[in-house]
Structure formats: structure tokens, C-alpha cells
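J.: Next come the chains, spelled out residue by residue.
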Amino acid sequence: MRVVLKALAATVALAIVTTALTAAWAHGPTRRKVQQQVTINAEPAKVWAAIGNFQDMGWLGLVAKTEGDKGNEIGATRRLTLKNGATVDEELYKYDAEKMSYSYRITAVDVKVLPVTNYSSTITVAPGADGKGSVVEWLGAFYRGFPNNDPPPELNDEAAIAAVTGLYHDGLEGLKAKIESGS
Amino acid sequence: MLRAWLAWVLLAASAAASAEEAFVTNQLSDDLTVVDLATSRALATIPIGGKPAGVAVAADGRFAYVASPDGKAISVIDAAARQVVGRIEVGGGPLGIAVAGDGATVYVADWYAAAVRVIDTRARAVVGSIAVGTSPSGLAVTPDGRQLLSADRDDDSVSVVDTASRTRIATIKVGTRPFGVTVDAEGRRAYTANVGSNDVSVIDIAGRSEIGRVETGLRPYAVALAQGHGFVTDQYDGTVSVFDLATLQPIKRISVGDYPEGIAATADGRRIIVANWESNTLSIIDAEALKVTGEIKVGDGPRAFGAFLRR
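First to last, the sequence lines map onto chains Y and B.
Sequential numbering from 2 applies to the first sequence in our numbering.
Sequential numbering from 56 applies to the second sequence in our numbering.
A hint or two may mislead.
To be verified - Residues of chain Y clear of chain B, computed beta-carbon distances all greater than 10 Å:
| id | residue |
| --- | --- |
| 1 | Ala27 |
| 2 | Pro30 |
| 3 | Arg33 |
| 4 | Val39 |
| 5 | Lys47 |
| 6 | Gln56 |
| 7 | Asp57 |
| 8 | Leu63 |
| 9 | Val114 |
| 10 | Leu156 |
| 11 | Leu168 |
| 12 | Lys177 |
Unchecked claim - Only part of the chain B face toward chain Y is listed, based on derived beta-carbon distances under 10 Å:
| id | residue |
| --- | --- |
| 13 | Leu83 |
| 14 | Asp86 |
| 15 | Phe118 |
| 16 | Tyr167 |
| 17 | Asp313 |
| 18 | Lys352 |
| 19 | Asp355 |
If you are wondering where the hints come from, they were derived from the structure by calculation, not from laboratory data.
The beta carbon of each residue, even a glycine, is placed where N, CA and C say it ideally should be.
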């Protein structure tokens with residue numbers, strides 16, 4: 002029994018290693034999209050000042066630390082260390098200060114932290130519809146966490162959509178509270 | 056003289072444009088948009104289900120075949136009636152799809168198995184399976200129908216299959232992670248878009264070898280051919296890379312919508328149609344002027360992976 006368990010553990014460990022090695026390329030069949038937005042009672046320039054620096058994602062409540070290279074240049078990288086100790090590596094691929102928008106990709110994340118692969122994201126600040134305040138839009142595109150067929154429930158398309166939707170919703174509400182309270 | 060020339064141009068334009076349509080699979084809205092390429096208008100939306108991605112329109116234009124990886128099935132569409140008239144359960148993860156020139160056989164790549172399923176279109180049933188490489192993606196049949204090419208993404212190679220015996224007769228090494236594969240009208244060359252190495256491999260089909268490599272933008276997805284040029288969708292760059300088919304030199308990058316995927320040339324070779332997954336649009340490119348001349352709204356998450364034009 003013990004031998005069997007050990008063999009099983011070895012197989013599982015091997016499977017995890019294999020998954021880690023191929024995760025950057027293998028992915029499910031359907032790329033998904035998530036879009037969330039929030040209205041903030043502040044000038045777009047003020048909102049952009051809070052989120053426009055790729056090297057500081059401190060506005061997102063669950064981020065403890067941002068470290069990175071190359072500022073806001075295309076190809077700039079950053080590592081987010083979350084309050085629970087997990088890390089997320091990201092790379093900037095579009096940055097337009099005039100349009101108050103930037104786009105980045107996750108280059109490394111554990112699917113236990115965010116159950117997605119091949120993730121890209123765009124965040125944009127625009128003037129509010131009535132000319133007052135701002136609208137922040139956060140878009141994401143990604144495959145589910147499980148690269149093969151018949152995914153387990155915690156790594157299927159629905160789980161990926163729920164996780165990203167929750168992240169964006171909470172992140173944008175937190176940003177709104179932070180800016181509107183003047184902090 | 057001018058009037059005669061104008062009349063000729065108008066006639067040629069209307070003749071060339073007559074009845075050509077795009078059958079665009081919208082993976083996220085779970086349907087297919089039929090677009091009239093003469094008027095640039097969406098004519099119909101056909102519900103499909105199962106997250107449709109791959110599509111192949113038969114050469115005679117009667118049927119379109121759509122692969123739904125989540126539904127694990129192929130939908131048969133009566134192209135003129137704009138209706139699903141059949142459904143073929145294939146299992147696995149059907150993605151890439153191609154129909155033989157005579158319309159009798161459809162080939163479906165199973166993304167999760169190293170296999171291509173063979174469908175008899177009259178019986179509307181799977182009648183065979185062909186062993187290929189890992190993660191087969193794009194498929195293309197040579198014009199004579201004798202060979203099937205499969206881009207085996209995770210093997211960095213292309214399988215050449217003898218369609219009569221349904222066996223793999225050759226494996227050709229290409230760039231990293233080939234996804235789409237396109238065979239030219241003469242059946243002489245094939246082109247793969249290599250997602251991993253950001254280039255296109257040029258294959259001499261008879262010689263069973265890669266004879267050239269062309270640099271593209273980031274994450275090339277598929278290739279179309281027209282006017283002596285290759286046109287490649289670059290997913291990450293939002294561009295179409297254009298290269299010269301004779302010299303294999305890059306010519307231009309054309310900005311299209313975000314995350315372009317499926318790409319095809321119209322029958323007259325004058326236009327290139329591109330499906331933009333992120334923007335939910337088609338971009339129309341003038342294949343001679345090498346610029347975008349139009350944009351058409353389609354459903355959510357258009358992929359149009361395969362021969363998606365009905366001529």
C-alpha cells in the first residue's frame with residue numbers, strides 16, 4: 002500500500018512538472034473574454050495618475066509589492082507579490098498615456114493563484130458619459146487553467162471567468178473607494 | 056474609351072463579387088455570421104453551440120462544416136438555406152477542419168489526440184481515423200485530393216497523409232508550434248504559421264521539406280495567398296504581415312483589428328478577409344494596394360479558422 006502511494010505521489014509530481022513545463026504553450030480550445038467597468042467621481046487625469054504607472058500596482062488591494070524593469074516602455078516587466086505571498090509576472094505590450102490605456106500579459110502565474118493561461122489585459126481611463134468623472138474599463142482575455150480536455154471544475158472556463166470577473170470587480174471598486182475618499 | 060473601361064471595371068467588379076460570402080465562426084457567441092462580401096453586410100446569424108472555431112466551406116458552396124471543440128461535434132450547414140442540417144459527434148476536441156475538393160470527405164483534427172478523424176459527408180458519419188503528430192491544428196487538402204497536410208503544433212512538424220490509404224507517409228520539420236497550414240492553388244507549396252517562432256515555414260510538398268522561413272509579427276496564426284504575396288495574421292501584434300512568395304522577403308505589416316486569427320483570400324485574389332477575435336470584426340484588405348478598405352461587425356470572438364469563404 003505504502004509503495005503504491007509513493008509511486009502515485011511520484012506520478013503526480015511528474016505530472017505537475019510536465020504541466021509546469023508545457024503550461025506556457027498548451028491551452029484549452031476556447032479563449033474567453035471578461036469586461037468590467039466602474040464610474041469614478043474624479044477627473045480622468047487624476048485616475049490615470051493613480052493607475053498609469055506600470056511599476057506600481059499598489060492600487061489593487063491584494064498586491065503587497067511591485068518590482069520591475071523598464072518603467073512604462075513596451076516590453077517592461079513587473080513582478081507582483083500578493084499579500085498571500087504568491088507572485089505574478091507580467092509584461093507590458095501597449096502603453097498610450099494620451100489615450101490613458103495600457104495592455105499587458107501574464108508571463109508566469111500558478112493556476113492556483115489565478116486559474117488562467119495565456120492571459121492578456123487592457124485597462125483604460127475615459128471621461129464619464131455626462132462629461133463628469135471617469136470610467137475605468139478593465140478587459141481580459143485568457144484560456145482556462147486546465148490545458149487538456151474535460152477540465153476539473155476548479156480549472157474550467159467558468160472558473161477562469163469567475164476568478165477574473167471577481168478580480169476586476171473588486172479591484173475597480175477598491176480603486177473607486179480609494180480615489181473618492183481622497184487617499 | 057474611358058466609358059468602356061469603366062463599364063468593364065464595373066462588370067468585372069460585379070462578376071468577381073457575385074455571391075461570395077464569409078462564413079465566420081464566432082466562438083464566444085456560439086454562432087456563425089454569414090457576410091456578403093459584395094455589400095459588406097451580415098446576411099444571417101446561424102446558432103451553432105459548443106464554441107465553434109474551425110470551419111470549411113465545400114468548393115461547390117453547398118455545405119459548410121463547423122467544428123465545435125466544447126460540443127465535440129461537427130455541424131453541417133446548408134450554406135444557401137443558412138441552416139444547420141446535420142450534426143456529427145466526433146468526440147475529443149475537434150478544431151481544425153478541411154473538406155476535400157470533391158466534397159465527399161471532411162477531415163477533422165482532434166486537438167487533444169494525435170489524430171485526424173475522417174468523415175464521409177454523404178453518410179455524415181466518422182468512417183476512419185488517421186494517426187498524426189501531437190496537437191494537430193490546421194488541415195489542408197492538396198487540390199488533387201490525394202494528400203492531406205496536418206500542422207502538428209506540439210511536434211513542430213507537418214504530417215503528410217495519403218488520403219487513399221489514410222496513412223501518414225511523411226513528416227516535415229518546420230518552425231516552432233505550427234498552427235495554420237495553407238496549400239497553394241497548384242498544390243506545390245504549403246505554408247505554416249509558427250506561433251512559437253514568429254515565422255512562416257515554406258514547404259515544398261513533393262520534396263517533403265521546408266525550403267524557407269519568413270519572419271512575421273508576434274504569434275502568427277494562419278496564412279492566405281494572393282497576388283504573389285503571403286498574408287499572415289499576427290495575433291499579438293494586431294497586424295497582417297505581407298511577404299513576397301517568390302523572394303520570401305517581408306514586404307509590409309498592415310494594422311488590422313485586435314487579435315486577428317482566420318484569414319482567407321477572395322476567389323479573384325483581390326481582397327483578403329481577416330477575422331479579429333478581440334475586436335469582433337472582419338477587416339477587408341485590398342490585396343494590391345495592401346491596405347485596409349473596410350471593417351464589418353460580426354459576433355463575439357470570431358475565429359474563422361479554415362477555408363471560411365463560400366465562392
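J.: Go through the numbered hints given earlier and state which of them the structure violates, listing their numbers in rising order.
T.: 1, 2, 3, 14, 15, 18
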